[in-house]
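Using the sequences and the hints, build the whole thing.
Protein chains: 4
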Amino acid sequence: VTAPNPGKINSVTREIFSLESRVQRMLDLEAALARAQAKVGIVPNEAAAAITNACAVENFDMTALPRDAELAGNLAIPLVKQLTANIAKQNPEAAKFVHWGATSQDVIDSGLVLQLRDALDLIERGLAELARALVAQITQHRDTLMVGRTLLQHALPITFGLKVAGWLDAVTRHRQRVRELRPRILVLQFGGAAGTLAALGSQGNAIAATLAQELNLALPAMPWHGQRDRVAEVATVCGLLVGTLGKIARDVSLCMQTEVGELAEPSAPGRGGSSTMPHKRNPIGCAAALSAAIRVPGLVSTMLSAMPQEHERGLGGWQAEWETLPEIFKLASGALNHMTDVIATFEINADRMATNLNQSNGLIMAEAVTMALAKHLGKHEAHRIVEHACKNAIKESRRLREILAEEPLIQTQISAAELDKLMDPTHYLGATQQFIDRVLAAANE
Amino acid sequence: VTAPNPGKINSVTREIFSLESRVQRMLDLEAALARAQAKVGIVPNEAAAAITNACAVENFDMTALPRDAELAGNLAIPLVKQLTANIAKQNPEAAKFVHWGATSQDVIDSGLVLQLRDALDLIERGLAELARALVAQITQHRDTLMVGRTLLQHALPITFGLKVAGWLDAVTRHRQRVRELRPRILVLQFGGAAGTLAALGSQGNAIAATLAQELNLALPAMPWHGQRDRVAEVATVCGLLVGTLGKIARDVSLCMQTEVGELAEPSAPGRGGSSTMPHKRNPIGCAAALSAAIRVPGLVSTMLSAMPQEHERGLGGWQAEWETLPEIFKLASGALNHMTDVIATFEINADRMATNLNQSNGLIMAEAVTMALAKHLGKHEAHRIVEHACKNAIKESRRLREILAEEPLIQTQISAAELDKLMDPTHYLGATQQFIDRVLAAANE
Amino acid sequence: VTAPNPGKINSVTREIFSLESRVQRMLDLEAALARAQAKVGIVPNEAAAAITNACAVENFDMTALPRDAELAGNLAIPLVKQLTANIAKQNPEAAKFVHWGATSQDVIDSGLVLQLRDALDLIERGLAELARALVAQITQHRDTLMVGRTLLQHALPITFGLKVAGWLDAVTRHRQRVRELRPRILVLQFGGAAGTLAALGSQGNAIAATLAQELNLALPAMPWHGQRDRVAEVATVCGLLVGTLGKIARDVSLCMQTEVGELAEPSAPGRGGSSTMPHKRNPIGCAAALSAAIRVPGLVSTMLSAMPQEHERGLGGWQAEWETLPEIFKLASGALNHMTDVIATFEINADRMATNLNQSNGLIMAEAVTMALAKHLGKHEAHRIVEHACKNAIKESRRLREILAEEPLIQTQISAAELDKLMDPTHYLGATQQFIDRVLAAANE
Amino acid sequence: VTAPNPGKINSVTREIFSLESRVQRMLDLEAALARAQAKVGIVPNEAAAAITNACAVENFDMTALPRDAELAGNLAIPLVKQLTANIAKQNPEAAKFVHWGATSQDVIDSGLVLQLRDALDLIERGLAELARALVAQITQHRDTLMVGRTLLQHALPITFGLKVAGWLDAVTRHRQRVRELRPRILVLQFGGAAGTLAALGSQGNAIAATLAQELNLALPAMPWHGQRDRVAEVATVCGLLVGTLGKIARDVSLCMQTEVGELAEPSAPGRGGSSTMPHKRNPIGCAAALSAAIRVPGLVSTMLSAMPQEHERGLGGWQAEWETLPEIFKLASGALNHMTDVIATFEINADRMATNLNQSNGLIMAEAVTMALAKHLGKHEAHRIVEHACKNAIKESRRLREILAEEPLIQTQISAAELDKLMDPTHYLGATQQFIDRVLAAANE
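Protein chains in written order, with our numbering: chain A, 10 to 454; chain B, 10 to 454; chain C, 10 to 454; chain D, 10 to 454.
The hints are simulated quantities; they were obtained by calculation from the structure and are not laboratory data.
Check the hints yourself; a few may be wrong.
Same chains, same names: a pair is fine if it fits in one copy or spans any two.
[What the hints assert, rightly or not] Only pairs whose alpha carbons sit at most 30 angstroms apart, straight line, appear in this in silico DSS-like list of lysine-lysine:
| hint | residue 1 | residue 2 |
| --- | --- | --- |
| 1 | K98 | K339 |
| 2 | K48 | K339 |
| 3 | K98 | K404 |
| 4 | K48 | K404 |
| 5 | K384 | K339 |
| 6 | K400 | K90 |
| 7 | K400 | K98 |
| 8 | K48 | K400 |
| 9 | K430 | K339 |
Structure (structure tokens):
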């Protein structure tokens with residue numbers, strides 16, 4: 010088991026959504042557009058080659074771009090200006106064909122889609138890795154007894170494998186969601202100034218189809234400048250994923266409490282210490298995932314709030330997406346990597362799990378006795394008797410087994426041996442193993 | 010064309026999520042459970058029949074239920090108590106088998122799933138109806154010229170059919186999303202106290218499978234008490250839909266402005282008047298949809314925020330779902346019905362669309378001229394010349410056509426006849442008809 | 010100590026925001042308007058009396074009102090219609106003066122303000138009661154030792170009184186916020202159709218001033234139909250309060266975990282049991298407050314999202330407020346009452362607090378030793394030595410005191426007696442008592 | 010009138026919340042702490058001087074800091090490490106006293122408070138500037154007639170000065186809110202590892218008081234590590250402000266629509282053009298403010314969702330604040346500067362305002378006639394007659410004045426001269442001027 014390396018955890022996603030990548034992806038659209046138009050015959054091949062050549066982020070003034078974008082209203086306008094100027098220096102003829110028939114939103118949205126493809130690849134790889142780590146833990150701990158807890162109270166015995174299987178089950182669904190999402194979002198945006206491709210006359214459609222091929226994107230039925238369900242859906246799928254990661258982190262961090270002590274994030278130099286308390290070992294991976302789970306819902310609501318965009322291009326709504334969606338991805342990807350590391354490497358204290366199961370003087374087996382008794386007395390009467398015994402067990406700090414053994418109504422219905430078996434958690438796990446098998450099978454589909 | 014009836018608009022969804030329906034759906038689970046257990050042989054057939062019989066909402070004290078639920082912590086506890094007491098009066102033996110092996114969350118969640126099935130059916134029917142209304146408008150107005158607007162400014166000509174096609178394109182995607190969602194949410198919840206079905210010994214799985222059949226729900230790999238991605242996903246799919254409905258409402262209401270006058274919601278007695286201004290005709294259908302589009306994002310964020318639920322059943326998160334998800338459905342369904350009515354019946358003023366297109370002294374055709382000129386002079390120079398002409402047209406309040414005709418560089422490149430054609434919006438619609446055809450085809454798949 | 014009564018917990022707020030109250034408060038405005046106009050002389054006294062007489066909610070068809078409101082676009086339109094019709098039956102002359110010069114939003118907003126006044130009174134009384142309960146616990150437990158926990162790990166000793174003082178300190182600030190809020194929200198809304206009071210000619214101002222007096226509200230500088238910061242601010246103040254209540258509930262529920270066992274919500278018949286597990290005692294008060302803390306942030310974001318309302322009256326934004334703000338109040342008031350009951354009546358297990366403090370073999374006193382050692386060796390070196398000892402204590406499951414005593418560098422610097430004192434939590438509470446005194450003093454201001 | 014410079018618009022706030030500033034403000038706390046401890050006598054003066062000297066951001070490795078922070082769990086841990094190492098090189102004795110008795114959260118929160126002080130100063134200056142710009146427009150346009158619009162429909166005449174007065178009235182309230190906020194947030198955070206200052210023995214309080222003086226912050230009743238209402242409140246106050254800025258931007262951008270044409274953002278080279286349409290003049294200042302108004306509500310909800318932080322320091326909630334609150338300030342400050350520029354420099358087309366007022370063939374004066382008629386016939390009958398006339402005016406495209414003149418019931422009650430006056434908007438402005446006076450007076454308080 011190697012210690013995780015959260016220092017590297019977010020670097021890849023950050024890179025995908027850096028200003029440099031954003032600009033490069035927009036330039037990829039400009040270059041592909043010139044090549045597509047060359048194929049269709051409305052741009053000279055040489056001009057397309059010159060434009061393609063110039064479309065490298067290294068050639069651009071990255072300080073001026075965001076500054077000019079604030080004044081211009083979007084990043085595409087100053088980018089196209091710089092691009093045109095750069096090309097004009099070398100090849101004034103080629104410069105005439107830059108951004109031909111396109112609008113700012115074509116460049117920005119298609120560039121975003123290219124970034125999202127990279128990001129979704131990353132998320133899918135990350136989910137596969139997380140699933141592998143979960144499967145490994147389930148396999149190892151499918152029989153490891155622990156307390157099942159509801160409303161933060163001891164409920165019944167479960168196994169640690171079943172708990173992890175619950176996490177995996179959700180992760181399998183998220184992988185399915187991402188797969189279903191891809192064809193809806195990985196599409197070209199190309200419509201020109203008002204979404205009609207009017208500037209390209211009768212060739213708009215042919216160019217759009219060729220451009221989509223150049224970028225290996227699907228061709229949508231029509232441009233979607235004002236219909237933002239595609240990008241908003243990406244946000245919601247990430248939001249659901251982060252919710253599950255937060256749930257895992259919540260469970261792990263609760264199990265890491267000093268009083269519980271069942272799990273621990275790995276220790277490593279510089280990881281999770283305290284600036285003042287030498288004994289601290291903080292759940293920093295869980296903190297990152299829980300923080301993401303608190304932040305992402307608000308960001309998803311922003312993407313949804315931004316949807317009612319005016320007419321053929323929105324005022325305010327579209328702009329609200331620009332920083333929000335990348336932020337969601339950074340948080341999702343960071344949380345995913347953190348929790349994958351935590352799950353692959355956390356320390357599991359099975360002894361402590363067993364001790365905790367035993368902590369309540371057997372109260373945790375109350376339902377088992379109730380159900381056995383209910384067969385004879387009905388559920389209501391059985392519940393009443395066992396509830397009474399539980400109260401006495403708490404009041405007198407005695408084991409429930411003892412109290413129950415003294416109860417005449419129980420003595421008549423249940424033998425001592427049967428009572429022993431009823432108080433043994435290993436006999437009260439129901440369909441646990443079948444559930445685990447089904448979850449593992451679904452994960453492999 | 011009949012006037013819409015918003016008075017009835019929300020009644021069906023409200024019914025699905027009324028307290029009565031909620032309770033009945035929970036009772037449906039209790040009844041089906043007894044029958045399933047009878048089939049498996051652990052409950053007498055007579056008891057199952059008695060339980061099934063008793064599971065009618067009419068038999069319950071609907072004032073006491075919510076009051077007792079607040080004290081008990083959830084609605085299932087007092088419901089099971091009332092149910093047991095009701096049966097015990099007639100058939101004390103059957104009363105023993107009520108709620109056998111189930112937990113509160115099994116009843117509440119499975120009941121919710123049954124409500125969601127009704128609600129999703131309703132939404133799907135509503136989406137089909139909306140799609141039909143949209144198709145009808147597209148077919149009628151695929152050639153009706155109007156202004157395309159970006160950032161609330163005139164941009165280029167489009168047709169009203171294309172605008173509506175953009176709405177339909179999104180609606181088609183929402184129908185696909187709802188279809189993909191169904192298999193993930195329409196599943197049984199049944200796990201017993203800690204999700205192991207321990208109380209049912211070795212028969213848990215068989216009972217669960219039979220119970221799922223009884224309710225015509227799928228059997229999930231394992232219970233999902235603590236994994237809330239299923240219900241949160243329902244919220245997000247509704248959230249995306251409401252975003253699109255808000256977008257349509259925004260477009261319609263902007264077109265209804267007194268200064269624009271291209272659309273009008275139908276007038277009807279008692280509809281959209283003012284308490285003080287006799288000339289007002291307010292867009293009340295749009296107001297309802299826009300209001301939903303403002304409210305639902307926050308409610309979706311609540312469902313996502315609620316996801317990190319503790320261990321085998323959450324404290325606070327689960328409870329936060331109870332009123333939030335129904336509210337989302339009511340708003341989605343209300344907005345859907347309002348906008349379907351609006352689209353099926355709004356008044357379209359094609360003359361006003363034509364007048365508005367002509368309002369800017371031809372500025373709206375500036376791009377057409379630029380693109381024609383760019384073939385000769387390059388895009389940059391063409392843009393410069395036409396931008397200059399536009400400024401003069403505004404300053405001197407003259408038609409752009411005239412100004413352009415005076416420009417020597419244009420005179421040399423573009424004939425008067427060609428200029429006339431360039432200034433005619435019907436010749437500058439690009440791929441509009443192809444886009445419409447593709448959207449209509451996709452809607453029929 | 011009496012058991013709480015959550016069954017009654019929300020009834021008062023629900024009443025304030027019921028449809029009946031909403032309608033009555035709108036009628037209060039109509040009645041006061043007629044009286045104010047009678048005082049100014051533009052409505053006959055008899056008409057004003059007749060209108061006032063008719064303005065009782067009992068006289069209205071409460072089924073028709075919401076149904077007609079959906080068609081009309083707001084509740085005021087059908088209400089004014091019913092009111093006028095009711096009066097016309099008895100006194101056709103008086104009927105002419107109903108709603109004179111007012112607009113729907115005047116009635117709805119002023120009615121809302123009257124409801125908010127009642128609701129803020131309720132919240133202030135609730136906060137005072139909560140503060141009293143907190144003060145009582147602080148006074149009793151200012152010396153009760155317990156574990157201070159950071160990032161869910163044991164950190165240092167604190168006292169239970171200090172923990173509660175932290176809660177009280179926040180509550181004191183909330184009381185201050187509500188006081189500061191009142192003058193901004195408790196103002197009249199009265200502007201007529203477009204906020205100019207044009208329909209009242211030169212008498213608008215005089216009528217507005219008199220009307221404000223009639224309702225005991227302040228007169229704002231101008232109407233605020235389109236400026237929604239007043240109502241949105243009410244939402245944010247409630248949102249902050251609910252956040253603190255959620256924090257208290259989180260702390261209490263964590264202390265109630267079976268493994269921690271320091272606190273327990275009171276038990277009472279029907280309270281917090283399980284439908285299947287007889288030993289459960291669920292934190293249902295905390296669940297309600299935590300649920301509110303998950304729900305209210307999204308609702309507050311709705312109120313903020315609704316603020317950019319168009320021109321002199323918004324389309325969608327205003328409508329989005331109608332159900333959202335009452336819902337926030339219901340949740341805030343319910344959470345407040347629940348947590349007040351919990352704090353007034355919870356069971357405190359001081360023995361368990363002491364046991365938990367001792368659980369870590371003295372690791373919790375590591376900082377105390379570090380600080381003492383740092384005076385001789387510097388903080389860095391001291392931290393290194395004690396951290397090393399902590400690791401050994403964990404590894405060898407021995408008490409930190411023993412390990413430290415074996416460390417030569419400690420032996421030379423710290424005597425055994427001094428070490429004993431350093432390991433005693435009662436000597437390591439710093440400014441705890443001073444903090445408590447200051448918090449109590451601030452609460453009494 | 011000078012063109013605005015949005016290129017500089019966000020630079021100052023960005024600077025306040027840059028990584029460099031964040032680190033420097035944390036170092037300011039460390040330096041002040043050393044000096045305060047020197048004054049109290051527990052740190053040698055020379056050491057305090059050395060520490061103060063070392064606390065300059067230039068001395069730190071700004072690449073390593075965020076990377077190490079991700080592993081450590083917060084920024085303070087690696088910062089204190091670097092600081093200690095830097096000092097140790099020069100003055101090993103002084104290095105021993107670095108961060109004495111403090112915890113990470115003391116440094117991070119107090120550093121944040123210092124940043125917030127700068128940011129609030131900036132917001133207050135910005136609000137004052139905005140208020141000045143608004144006052145100037147009100148003064149100039151208090152009599153400029155325009156259409157008042159409700160639900161996006163023409164309602165009644167107002168003046169442009171009154172519209173702007175509505176904005177100013179809200180801005181005045183925001184200035185009041187910021188003033189009330191300052192004493193609650195501009196307080197020291199200093200509590201040591203668990204909020205008791207235990208590491209400082211009996212001197213904790215004295216040091217805290219001196220430290221607060223050093224930083225010119227107030228001393229709170231107790232540390233607030235786990236009570237986050239202070240920082241969340243800052244978010245809500247910004248959220249309310251951004252809502253108002255969004256409202257102003259919505260109004261301005263609606264008035265800028267091509268069909269309305271009453272306002273225009275200033276034109277300037279590189280500002281608000283289109284990459285393809287030479288005639289476009291986009292409302293980019295409004296776009297920025299509207300985008301902020303869509304984004305900030307979700308961020309505010311994050312701050313509220315983060316409030317229920319566990320025990321003496323939270324896991325996830327605290328971390329969620331770190332990037333969220335600065336983002337809120339950047340958006341608030343950017344929107345504030347954009348709208349101040351827009352308001353100071355927008356072009357006002359009073360002719361177009363007059364034309365629009367006249368556009369509806371006099372329908373906008375319908376209420377005036379109704380009210381005059383109501384004095385004779387009662388409101389209901391008057392409404393009926395005028396509503397009928399309005400419908401005819403629309404149907405027949407004739408002026409309302411003509412239609413009304415033909416109506417016998419009107420002829421008998423209202424003379425032609427009186428009717429002329431009733432149709433003149435300048436006579437139907439009610440209390441407009443009084444409202445403006447009161448708003449201006451309140452702004453000067």
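So, going through the hints one by one against the coordinates:
1. K98 x K339: neither (38 angstroms within a copy, 38 angstroms between copies)
2. K48 x K339: neither (37 angstroms within a copy, 45 angstroms between copies)
3. K98 x K404: Neither, since 89 angstroms and 34 angstroms both go past 30 angstroms.
4. K48 x K404: neither (86 angstroms within a copy, 42 angstroms between copies)
5. K384 x K339: Answer is neither: 54 angstroms inside a copy and 43 angstroms across each miss the 30 angstroms cutoff.
6. K400 x K90: between (78 angstroms within a copy, 21 angstroms between copies)
7. K400 x K98: Classified as between; 29 angstroms across copies, 88 angstroms inside a copy.
8. K48 x K400: neither (83 angstroms within a copy, 36 angstroms between copies)
9. K430 x K339: neither (51 angstroms within a copy, 49 angstroms between copies)
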